[in-house]
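So you can see what is in the structure, the chains are spelled out below.
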Amino acid sequence: MKQDIPGTTLFDGDQAQKGLALNRMCFSFNSAENRAAFLADEEGYCRKFGLTAEQRAAVKSRNVLAMIAAGGNVYYLAKLAGIFGLNVQDIGAQQTGTTVDQFKQKLAAAGR
Amino acid sequence: MAKIIGGVATTHVPSIGKAIAEQKQNDPYWKPFFKGFDYVHYWLAREKPDVAVVFYNDHGLNFFLDKLPTFAVGAAAEYKNEDEGWGIPVSRSIAGDPALSWHIINNLVADEFDITMCQDMLVDHSVTIPMALMWPGEKWTVRIVPISINTVQHPLPSMKRCLNLGRSVGRAVNSYPQDLRVMIVGTGGLSHQLDGKRAGFINKEFDQLCMDKLAGEPDFLTRYSIHDVVEESGAQGVEFLNWMAMRGALTGRVTEVHRNYHIPISNTAAATMVFENRDEAARRAA
Chain A
1 MKQDIPGTTL
11 FDGDQAQKGL
21 ALNRMCFSFN
31 SAENRAAFLA
41 DEEGYCRKFG
51 LTAEQRAAVK
61 SRNVLAMIAA
71 GGNVYYLAKL
81 AGIFGLNVQD
91 IGAQQTGTTV
101 DQFKQKLAAA
111 GR
Chain B
113 MAKIIGGVAT
123 THVPSIGKAI
133 AEQKQNDPYW
143 KPFFKGFDYV
153 HYWLAREKPD
163 VAVVFYNDHG
173 LNFFLDKLPT
183 FAVGAAAEYK
193 NEDEGWGIPV
203 SRSIAGDPAL
213 SWHIINNLVA
223 DEFDITMCQD
233 MLVDHSVTIP
243 MALMWPGEKW
253 TVRIVPISIN
263 TVQHPLPSMK
273 RCLNLGRSVG
283 RAVNSYPQDL
293 RVMIVGTGGL
303 SHQLDGKRAG
313 FINKEFDQLC
323 MDKLAGEPDF
333 LTRYSIHDVV
343 EESGAQGVEF
353 LNWMAMRGAL
363 TGRVTEVHRN
373 YHIPISNTAA
383 ATMVFENRDE
393 AARRAA
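Chain order of the listed sequences is A and B. Letter by letter, the first sequence follows residues 1 to 112 of the numbering used here. Letter by letter, the second sequence follows residues 113 to 398 of the numbering used here.
Read the hints as simulated data drawn from the structure, not as lab findings. Since we're looking at a predicted model, the values are computed, not measured. You may find that some hints are simply not true.
[What the hints assert, rightly or not] Computed cross-link-like contacts, BS3-like style, restricted to lysine-lysine with a CA-CA straight-line distance of at most 30 Å:
#1 B:309 - A:104
#2 B:147 - B:115
#3 A:106 - B:143
#4 B:316 - A:106
#5 A:104 - B:143
#6 B:136 - A:104
#7 B:136 - A:106
#8 B:115 - B:160
#9 B:316 - A:104
#10 B:179 - A:60
#11 B:192 - B:160
#12 A:106 - B:325
#13 A:106 - B:147
#14 A:104 - B:147
#15 A:48 - B:160
#16 B:325 - B:160
#17 B:130 - A:60
#18 B:115 - A:104
#19 A:106 - B:309
#20 B:136 - A:48
#21 A:106 - B:130
#22 B:251 - B:136
#23 B:309 - A:18
#24 A:60 - B:309
#25 B:143 - B:115
#26 A:18 - B:316
#27 A:48 - A:60
For reference, chain B alone in the conformation it holds in the complex (with noise of 0.2 Å):
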């Protein structure tokens, strides 16, 4: 049976990417932040996922504002990455997992989750970023199954129904006949805004409150509404619903294992989280 071992959640600034093509991991302005994927990296060495459901957000690269989807979720063999207009260097493909992809989407379909699927897809920063950044100089070799949650067009979905999502993800892949080790991963904020007269809004405070209840107390989080998420998070800070659903995955027993938080990258509080997710039979068996 597959198994899902944990959780990886990271910001996805574009701006890392040109730091990564450029070698700045070692510069003063970065090191802060690079320096917290040490762990990570131990961690996958140790862990050595074979698959990562990715949760993220599309800027603009797969979909437009004319179609889009609020939950959609990929079934392709490769996924490529493009161009995206704003100068960061184009990524390798990255493989799918068609046949896991599609046990999720039957499963979040028969779960009343109305997925879009996608046989085809391009993936953008916000899922190469967190990949370059797991596995420096694009060594990774795990598959993966990219899930897209709307956090641009108002109305977004909740917190508690992005939790619920990965809810419903999670219960998916605990019912994959292959024996698979999963990684859940869930990309971008915390808090930033670059819009409107408030751009360069950032929130400490509601960031850590946000971290500190990710692993014991997620649902303590659906109280906020999207509209106190963009208030205390900044409009671009609802990308945490991402890592709401990253969360949500993880259906076991889950322990905080690594944080690294650090302001700011480009206009964000840059952060980097590390989950254990460890089955009730494992527990027992400790």
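Only chain A is shown next, with the shape it has when bound in the complex (with noise of 0.2 Å):
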């Protein structure tokens, strides 16, 4: 059921047991001082949260694809693209292989 709708893979419980260590890691750049902490000192951090090698890689490469495969949940994930400044039009860019205006144009053809 879950590899069934192309594109899309369901935040599930295989998901959820797998990505609990790099979600949790998200969740608390709620606060500014975390936020500061992990851009201080990413490896340090992540170190701290227990992320697996495979969360550590996808985190490092700032791919996202490679950490919704590790488990990311994308509200999560969207909690650290903020710490880059980028929105999730750049990350929908990221992950459709398409520029930003490439991937706003697209949206905007939906509409139409």
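The two chains are supplied separately, each in an independent frame; assemble them into the complex guided by the hints.
So this is what it looks like as structure tokens:
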């Protein structure tokens, strides 16, 4: 059931278990102090939250699809993206392999 | 007795909070969305609600994924908003109505909805942005009863379950002895998807079907499984569950009196609707 909607990963029990450490770290980014701590020492901050090797590599590469594959939930990943000043059009463009302008044009086209 | 006067459903996209802070309401990008609230303001000024019951979904402010209730009812005297990590301004807090909250909680559990009760509850943009849209300048005078529905971590409650949750809330409000004018709010949606290779997915046709059926035939929409809704409406389009609950709580004769639909706001098909709820006695008198 999970994989049969193309390009979509349902955030279900399997993903929730897999992603717990990564999502817990992203949850901590509700605090400005924690966002600053991440920026000051990314490696140490990730270690503190016990990220798996896959999760650490995904965060390091700033690759959203890899973070989702590692169990990341997009609402939590958006808190991480926010640290880098990226919004949901930026991460939408990255995930779909387009430029941000092309992604915005695609959204606008859906209304016509 | 308390009286349910109607409902408002609206998108709650976080960037709306930034647009309000930067006063972009009349920018070409934003105007088609914000204009849709002129009628809402007129309606609220005319209807003068005392309390709003707000169906929404938390995005990782009050709840984390470690302990996530399917349905949670706020029973606080005050609801605070806090930093959500994505740079939208923190809202002023919103007054609660604990007596009405506990009445709703008691009735829901008696009705076999085994909800989580929250005497402390932060509310996120999913509550504060609709409030700021309905009452610009954060000048709301209503108290709220927030009811959170899990739309984040599957399994999610079904469309039917959420419609029935709303119906149970509606019956509870109707049996509340105090003279209150109660409005129901459903937030989120419509179609959008933030994650995966299908990010940017929007489905105008399905959104229109949902809006067309909501007033007169909400039960029609219960034929869609959660899987169907994700497929038709996008991974985050499932926030429509909040709209189903809102509609369920309108227990009288329901009329759609306003609709605004605009693509896109951020990654989302943005929609705002207003429904009136007339009880049978009022209908006979009219």
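How the hints compare with the structure:
{"no.": "1", "hint": "B:309 - A:104", "verdict": "holds, 15 Å"}
{"no.": "2", "hint": "B:147 - B:115", "verdict": "holds, 28 Å"}
{"no.": "3", "hint": "A:106 - B:143", "verdict": "holds, 20 Å"}
{"no.": "4", "hint": "B:316 - A:106", "verdict": "holds, 13 Å"}
{"no.": "5", "hint": "A:104 - B:143", "verdict": "holds, 17 Å"}
{"no.": "6", "hint": "B:136 - A:104", "verdict": "holds, 18 Å"}
{"no.": "7", "hint": "B:136 - A:106", "verdict": "holds, 23 Å"}
{"no.": "8", "hint": "B:115 - B:160", "verdict": "holds, 12 Å"}
{"no.": "9", "hint": "B:316 - A:104", "verdict": "holds, 16 Å"}
{"no.": "10", "hint": "B:179 - A:60", "verdict": "holds, 28 Å"}
{"no.": "11", "hint": "B:192 - B:160", "verdict": "holds, 23 Å"}
{"no.": "12", "hint": "A:106 - B:325", "verdict": "holds, 27 Å"}
{"no.": "13", "hint": "A:106 - B:147", "verdict": "holds, 23 Å"}
{"no.": "14", "hint": "A:104 - B:147", "verdict": "holds, 22 Å"}
{"no.": "15", "hint": "A:48 - B:160", "verdict": "violated, 51 Å"}
{"no.": "16", "hint": "B:325 - B:160", "verdict": "holds, 27 Å"}
{"no.": "17", "hint": "B:130 - A:60", "verdict": "holds, 28 Å"}
{"no.": "18", "hint": "B:115 - A:104", "verdict": "violated, 43 Å"}
{"no.": "19", "hint": "A:106 - B:309", "verdict": "holds, 13 Å"}
{"no.": "20", "hint": "B:136 - A:48", "verdict": "violated, 40 Å"}
{"no.": "21", "hint": "A:106 - B:130", "verdict": "holds, 23 Å"}
{"no.": "22", "hint": "B:251 - B:136", "verdict": "holds, 18 Å"}
{"no.": "23", "hint": "B:309 - A:18", "verdict": "holds, 20 Å"}
{"no.": "24", "hint": "A:60 - B:309", "verdict": "holds, 20 Å"}
{"no.": "25", "hint": "B:143 - B:115", "verdict": "violated, 33 Å"}
{"no.": "26", "hint": "A:18 - B:316", "verdict": "violated, 34 Å"}
{"no.": "27", "hint": "A:48 - A:60", "verdict": "holds, 15 Å"}
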